[in-house]
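*Asks:* Read off the chains here:
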Amino acid sequence: NAGVTQTPKFQVLKTGQSMTLQCAQDMNHEYMSWYRQDPGMGLRLIHYSVGAGITDQGEVPNGYNVSRSTTEDFPLRLLSAAPSQTSVYFCASSPHPSSNEQFFGPGTRLTVL
Amino acid sequence: AQSVAQPEDQVNVAEGNPLTVKCTYSVSGNPYLFWYVQYPNRGLQFLLKYITGDNLVKGSYGFEAEFNKSQTSFHLKKPSALVSDSALYFCAVRDGSRTGNQFYFGTGTSLTVIP
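In order, the protein sequences belong to chains A and B. If you're matching positions, the first sequence starts at 14 in our numbering and goes up one per residue. If you're matching positions, the second sequence starts at 15 in our numbering and goes up one per residue.
Treat the hints with care, as some may be off.
[Said to hold, decoys possible] Below, a list of computed lysine to aspartate or glutamate pairs in the DMTMM-like style, where the Cα atoms sit at most 25 Å apart:
| id | chain 1 | residue 1 | chain 2 | residue 2 |
| --- | --- | --- | --- | --- |
| 1 | B | K36 | A | E114 |
| 2 | B | K91 | B | E22 |
| 3 | B | K36 | B | E80 |
| 4 | B | K36 | B | D68 |
| 5 | B | K72 | A | E85 |
| 6 | B | K36 | A | E72 |
| 7 | B | K72 | A | E114 |
| 8 | B | K36 | B | E22 |
| 9 | B | K63 | B | E80 |
| 10 | B | K72 | B | E29 |
| 11 | B | K36 | B | D23 |
| 12 | A | K22 | A | E72 |
| 13 | B | K63 | B | D99 |
| 14 | B | K36 | B | D99 |
| 15 | B | K72 | B | D23 |
| 16 | B | K63 | A | E114 |
| 17 | B | K36 | A | D39 |
| 18 | B | K83 | B | E22 |
| 19 | B | K83 | B | E29 |
| 20 | B | K91 | B | E78 |
| 21 | B | K83 | A | E114 |
| 22 | B | K36 | B | E78 |
| 23 | A | K22 | A | E43 |
| 24 | A | K27 | A | E85 |
| 25 | B | K91 | B | D68 |
| 26 | B | K63 | A | E43 |
| 27 | B | K63 | B | E78 |
| 28 | B | K91 | A | E114 |
| 29 | B | K63 | A | E72 |
| 30 | B | K63 | A | D51 |
[To be verified] Some chain B residues near chain A, calculated using beta-carbon distances under 7 Å:
| id | residue |
| --- | --- |
| 31 | G43 |
| 32 | P54 |
| 33 | F77 |
| 34 | Q116 |
| 35 | T121 |
If you are wondering where the hints come from, they were derived from the structure by calculation, not from laboratory data. Since the model is a prediction, treat every value here as computed from it, not as a measurement. Note that beta-carbon positions come from the ideal geometry of N, C-alpha and C, so glycine has one too.
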């Protein structure tokens, strides 16, 4: 199993551009989530999904959209990038919503100029 | 509201000495508590968890954590630190009494083990 994979590893955007961060898992996990990691602020939950077709907002959802059309994939979309979205983004998954251990991807380092 | 506090940004310890990384939490219901470790340029890796039962939880790489309900703490410990333990450590909490599925992470503690 590849576990949780994220692409790209690095990305530089200009303000106003859009892009999609990809996340996929091959463990048939129901629960998937997106976090951003910023210095001094730890990890903050952006959006999460408890199964295909079901998504919900986390702590910092503004400026981000998600969808979950399949169990495997959970892309994160930035519709109009802003410098405040410069961060490291992590995707995570776990077998089902009540499971406790999350498996994290390697992260995407995003810079918005 | 649910939250986690890690009061120390940085902890330094000599190799072979015991280490402690502190964590306190706030949840309205039953706390599910976790520790994760992050090595440079990597994602987080699960170390251990407390759900219920024995207050002393043992995890990966010789780490353990003690749940203290009265002090709302879940400190990470290891009897003898290794240089390879140097990393960023995160405490996290989830409210086990709620149907919501949100995990809350602390701000992280950078552990440096000095040879």
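*Asks:* Look at each hint and say if it fits the structure.
*Replies:* Here's how the hints hold up against the structure:
1. In summary, the hint linking K36(B) to E114(A) is supported, as the alpha carbons are separated by about 20 Å, within the 25 Å threshold.
2. Distance hint between K91(B) and E22(B) is fulfilled; the C-alpha atoms sit about 14 Å from each other, no more than 25 Å.
3. Pair hint K36(B) plus E80(B) holds up; C-alpha atoms about 10 Å apart against a cutoff of 25 Å.
4. Straight-line distance between C-alpha atoms of K36(B) and D68(B) comes to about 19 Å, which keeps the hinted pair within the 25 Å bound.
5. In summary, the hint linking K72(B) to E85(A) is not supported, as the alpha carbons are separated by about 32 Å, beyond the 25 Å threshold.
6. A hinted pair counts as satisfied when its Cα atoms are at most 25 Å apart, and K36(B) with E72(A) qualifies at roughly 24 Å.
7. A C-alpha spacing of about 15 Å is found between K72(B) and E114(A), which places the hinted pair at or below 25 Å, so the restraint holds.
8. Distance restraint check for K36(B) and E22(B): the Cα-Cα separation of roughly 7 Å lies within the 25 Å cut-off, and the hinted pair is therefore satisfied.
9. This hinted pair checks out: K63(B) and E80(B) have alpha carbons roughly 10 Å apart, not beyond 25 Å.
10. Among the hinted pairs, K72(B) with E29(B) is consistent with the structure: their alpha-carbon atoms are about 20 Å apart, no more than 25 Å.
11. With a C-alpha separation of about 10 Å, the suggested pairing of K36(B) with D23(B) holds against the 25 Å cut-off.
12. Taken as a hint, the K22(A) and E72(A) pair is honoured in the structure, with Cα atoms around 24 Å apart against an allowance of 25 Å.
13. For the given pair, K63(B) sits about 18 Å from D99(B) by alpha-carbon distance, which is consistent with the 25 Å threshold.
14. Simply put, K36(B) and D99(B) have alpha-carbon atoms about 16 Å apart, close enough for the 25 Å limit, and the pair holds.
15. A threshold of 25 Å between alpha carbons decides the hint, and for K72(B) with D23(B) the separation of about 24 Å falls inside it, so the pair holds.
16. Using a Cα cut-off of 25 Å, the hinted pair K63(B) and E114(A) holds, with the two alpha carbons roughly 8 Å apart.
17. The suggested pairing of K36(B) with D39(A) is violated, with an alpha-carbon distance near 34 Å, which exceeds 25 Å.
18. Restraint check: the Cα-Cα separation between K83(B) and E22(B) comes to about 20 Å, which is no more than 25 Å; the hinted pair holds.
19. Of the supplied pair hints, the one linking K83(B) and E29(B) is violated, its CA atoms being roughly 30 Å apart against a limit of 25 Å.
20. As the CA atoms of K91(B) and E78(B) are separated by approximately 5 Å, the hinted pair is consistent with the 25 Å bound.
21. Between K83(B) and E114(A) the alpha-carbon distance is near 21 Å, which keeps this suggested pair within the 25 Å criterion.
22. In summary, the hint linking K36(B) to E78(B) is supported, as the alpha carbons are separated by about 12 Å, within the 25 Å threshold.
23. Distance check on the hinted pair: K22(A) and E43(A) sit about 24 Å apart at the alpha-carbon level, within 25 Å; holds.
24. Annotation: proposed proximity of K27(A) to E85(A) is violated, straight-line Cα distance about 29 Å (limit 25 Å).
25. The hinted pair formed by K91(B) and D68(B) meets the criterion: a straight-line CA distance of about 16 Å does not exceed 25 Å.
26. Of the supplied pair hints, the one linking K63(B) and E43(A) holds, its CA atoms being roughly 20 Å apart against a limit of 25 Å.
27. This hinted pair checks out: K63(B) and E78(B) have alpha carbons roughly 9 Å apart, not beyond 25 Å.
28. A threshold of 25 Å between alpha carbons decides the hint, and for K91(B) with E114(A) the separation of about 19 Å falls inside it, so the pair holds.
29. Proximity of K63(B) to E72(A) is assessed by CA-CA distance (about 22 Å); at most 25 Å being required, the pair is judged to hold.
30. Proximity of K63(B) to D51(A) is assessed by CA-CA distance (about 24 Å); at most 25 Å being required, the pair is judged to hold.
31. Interface hint at G43(B): violated, since its Cβ lies 14 Å from the closest Cβ of chain A, which is beyond the 7 Å cut-off.
32. Because the smallest distance between the Cβ of P54(B) and any Cβ of chain A comes to about 11 Å, over 7 Å, the interface hint for this residue is violated.
33. The closest approach between the C-beta of F77(B) and any C-beta of chain A is roughly 15 Å, which is over the 7 Å cut-off, so the hint fails.
34. Given hint, Q116(B) at the interface with chain A, holds; its Cβ is 6 Å from that chain's nearest Cβ, closer than 7 Å.
35. Nearest Cβ of chain A to the Cβ of T121(B): about 4 Å, under the 7 Å cut. The hint holds.
Hint compliance for this structure: hints 5, 17, 19, 24, 31, 32 and 33 are broken, all remaining hints hold.
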